[in-house]
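K.L.:
Sequence:
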Amino acid sequence: MTNEKRQDLLKPGERLDDLQIGGLELIQDPDGFCFGVDAVFLSDFARVKPGETVLDLGTGNGIIPVLLTAKTEGRKFTGLEIREETAEMARRSVAWNSLEDRVEIVTGDIKEASEIFKPVFFDVITTNPPYMPAEHGIRNPDGAKAAARHEVLCTLDDILRESMRLLQDKGRFYMIHRPFRLTEIMIKMSHYKIEPKRIRFIHPYADKEPVLVMIEGVRGARSGVKIDPPIIIYDRHPAEE
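Position one of the sequence shown corresponds to residue 70 (this note's numbering), numbered consecutively onward.
Hint data in this document are derived by calculation from the structure and do not stem from the laboratory. Worth double-checking, as some hints may not be accurate.
Pairs of lysine-lysine, DSS-like flavour, derived with a Cα cap of 25 Å [claimed, not checked]: (1) K257 with K180; (2) K239 with K118; (3) K277 with K239; (4) K187 with K118; (5) K140 with K257; (6) K180 with K145.
Label-pair distances were calculated between CB atoms; the ranges are [to be verified]: (7) D113 with R247: 17 to 23 Å; (8) E253 with P99: 29 to 35 Å; (9) E94 with G289: 34 to 40 Å.
Heads up, the beta-carbon is just placed ideally off N, CA and C, and yes, glycines get one too.
Given the sequences, and given the hints that come with them, work out the whole structure.
P.N.:
Dropping the structure here:
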């Protein structure tokens, strides 16, 4: 692709973010919901073996599939996004990075994922879902930002039900979420036959409570969970510097 054709992929008001790996860049709209460090952590946590297929539920601007192309030897990465304008921007990022042979962005509702992809099954499913229940706290008046933070368009049950239906037997599920919902998450995962197998907490500082938690589950596995060493984002408080 020529530089001129490449520049046509970038719309007025959008920016390019350097992903600091493999020369990859991502198109983002500063006025929309931009990816955060949680997506980067999840792409590190997810284990994708050579030749495997991956589905990212609620892919947004496609950050997780794009990162996974550089971090793993997976064969095919698919992102499912309900908002057409966001999915279209993700497709332009895929084209910008010349990843069309490895990454596909599909417009669709998570609640209907198993019908959308039928009869396909995936080796791995990743998701960085809305963290807050629909009724929890103050909801952002911006529809896209509200849907990214609150369970407006899908719930934990929707994500886990469709993941159960789309995962291969012993397929792996990876999610990042808030620790205050961990009990609920683990109960629901077991209900949908995705057994929690590995957990890793993310702390802002070593002496502070975790702000995020990542969970790996395996479809149809026996019970038994491992706790990985925590991630500490900052070495010390700003006041100590």
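K.L.:
Can you list which hints this structure breaks, lowest number first?
P.N.:
3 and 5
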